[in-house]
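Enquirer: Okay, here's what each chain looks like letter by letter:
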Amino acid sequence: MFIQQIFNGIMLGSTYAMIAIAFTLLMGILNMLNFAIGEIFMLGAIFGLTFVNLGIPFYLALPLAMACTGLSCLLVERFSFRPLRNAPPLVPLLSTIGFSILFQNTAVNLFGSERTQFPQWMEPVNFHIGPVLISSTQIITLGLAVLLMVALDLFIQRTRLGRGMRSVAESLDTANILGVDSNLIILMTFFFSGVLAGAAGIIFGISFSIVSPFMGMEPGIKGIAAMIVGGMGNLRGAIVGGMFIGIIEVLSVAYFGSSTRDFAVYGLLFLALLLRPQGILGVLQPEKERI
Amino acid sequence: MLSSYQLDLLSNLGINILLALSVYCPMATGQLSIGNAGFMALGAYTSAILTVHLHLPLFLALIVGGIVAGIVGVLVGFPALRLKGIFLAMATLAFGEIVRNFFMNFLKPLTGGAYGFRGIGDTPISIVWIWGWVLFFLLFFFFLSRSRAGLAMLATHDDETVSELIGIHIVLLKVGAFGIGAFIAGVGGGLYAHYYLYIEPEFFNVWESIHMVLYVIMGGMLTFWGAVLGTMIFVLLPEFLRFLQDWRGAFFGVLIIGLMIARPSGIVTREMLRKDFWHPLRKGT
Amino acid sequence: MILKESQLLTLKGVSKNFGGLRAVNDLSLDVSKGYIYGLIGPNGAGKTTVFNLITGVYPCNSGSILLEDVTVTELKSYRIARLGISRTFQTIRLFPSMTTWENVLIGQNTLSKSGIRGILPIRRAQEVELRRQAQEALKVLGLWEMRDRKAVTLPYGNQRKVEIARAIAARPKLLLLDEPTAGMNIRETKDLLGVLSKIHELGITILVIEHDMRVVMGICDHIFVLNFGQKIAEGSPAEIRQNEEVLEAYLGKEE
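Chains as they are written, first to last, in this note's numbering: chain Z, 1 to 291; chain P, 1 to 285; chain Y, 1 to 255.
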């Protein structure tokens, strides 16, 4: 029973991890908190379901939806990041809140506020691995999540553009001097962030049988929480944080009832910020000259 | 004579102005709080319990509700000193959600838990109650902004390190601002409860807190008039945009995005205010 | 311990580490009232760190700091400021939201008795007097015309003067100046020297970090020389000018 809950927590945690990575990409590389990621997550599921309902086969509809969410995130780059490069950080944050409101209201008006779900594309087969019950749907979605996260990690570590992203994260000016096309890097970062958030939305929508314009509000905030709990600006930290929060959430519902769910998650976040703000994988900054 | 709809609108406006002021107060010392819905809930539930179950007079209930919120605000304000920027924002957000969850799970016999607290009084309080408090706090901030304490708050907002080195007691100012903001939100919550006569934990959610922050930053975060103007825009403007119907949300989203590009400091800036009230007090010098 | 009548600031065996780096090493010095002291040394010698230790920005790892007979080593910054130590910064740090006038006025906050009750116009007479003093200070420094401009929009030299005005607004006993003439041309430097003279006449003791040797040799009564966080020499300008070790520190050993 406990192992089953852990597995369920990993399923949930993997989507939180993907959202957290979407936040972390922008936070770590460009020092920006994009509040709209939660709604872009929702748009992934919405676009996905819309394309499927239009008759496009799953294997095309879903990548198409992810491309759309990538583009949505580029919209955020154009209006919340580029013109506000030199503004205090509160300003772009508020601007992305504006995008959140815009995206959600548009989704409600164009898609309807009813809660629906993805149709099944195949009969799910249930497996027993030891004491754990897993459905084929879960295997595929978990596999997709892992695939995407590993692909991103490899991209950043192994490719030239990935190195460019890391250098921009270190110092934009130095990267520019060294000939890195920082504008391209910035666009790519936003695009990847949107793709990942959208993918997370699709996976979440399929795993938990829910598609609605309001589905992104809570996961968005939990994604930020995961980013902080795991260690800010740290891709691996985002994954750890996401898993941690997913598991905590599932365990608290399983053992203490569904009304304690948010207690556990936000209580954890609050404690983490008070006791260990640098997160699980983060490093405490040593005392430095401030003047 | 105003129609009952217009009175309702103005009452709503008044309560929201209080909530915006409750966010402005800590923000004036550089602390971003996205959890004031939590303080609002504390004030709402405390005052409702006091009037409904203990039959206390309204004024007393509102004050006690505010004080409870204020004390919790001070308690949260101390550990908050260690946190900056997004960390502080997320901690206050987490706090707000914890409070909301508290009222969903505890004190259910008194408050009805997730099913809501009904019948807070027989008739809604009159708009005079609400605007009386609004006027009181506007006066408070008016005098504060013209006082040395207010100037010290601005210094703390601008540069904490230097402020401390000038002799400003930033701990007192920051925790105090946090606590006063919480008190104001608590009073706002109490007024809300006794105007709408029904509250449930779901009302006091993150987006409520985010809206309060929105009003302040859009209106102009360096002066309390900004909070007032920002609230007026977001509460009154939709009335003039009926033709947009369901798309009013999208309109405001675009408005926010546009305003942050065009006027990132918000609408009302310090430059717009009278500068000379700080000058030598005797005329003609 | 016998307290010399004129002893103002004393450092005894003060040390400070940052991680593995020893920024200040067993430093001792005495500052007497009414004089102008210079603190010089190559870049990275630890001069600004000394200021930070005196004003309580960082705790000392060892040693003690006394202001007159009060031990200030463990005190928080705002207490130290209220005891009478003010400072300026290497990069000018005015309050960006405030006008010139407001920046000077906030410097007086420690004198104003209204404190947290400052929301009410208590002690009106004192407040009127404080503002008169602030007005005088601005006029003497030639900043009165710019009193309502945002302080950070002023020309660099004037910004420095505003920062100094803010620092002396509280009538400190000791004024710490961190490279006040950095980035200034000859005319602005002369202007500033005049300001420092006037401050000296007010009876405020000054300790100034400087790289401009004409300034140091010109106005300082006594000079401390730091290198690698240690005091390598002290004395009058004439003595320092001749000192072998000082020359070596700045110019390197002659091969």
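Incorrect hints may appear among the rest.
As a list, the in silico EDC-like pairs of lysine to aspartate or glutamate whose alpha-carbon atoms are at most 20 Å apart [said to hold, decoys possible]: (1) Y/K12 <-> Y/E74; (2) Y/K173 <-> Y/D30; (3) Y/K139 <-> Y/D69; (4) Y/K150 <-> P/D158; (5) Y/K76 <-> P/E160; (6) Y/K33 <-> Y/D212; (7) Y/K198 <-> Y/D148; (8) Y/K198 <-> Y/E136; (9) Y/K12 <-> Y/E68; (10) Y/K150 <-> P/E202; (11) Y/K190 <-> Y/D212; (12) Y/K150 <-> P/E160; (13) Y/K150 <-> P/D159; (14) Y/K76 <-> P/E271.
Treat the hints as calculated values from the structure; they're not laboratory data.
Enquirer: Flag every earlier hint the structure violates by its number, smallest first.
Expert: When the structure is compared with the hints, numbers 3, 6, 7, 10 and 14 turn out to be violated.
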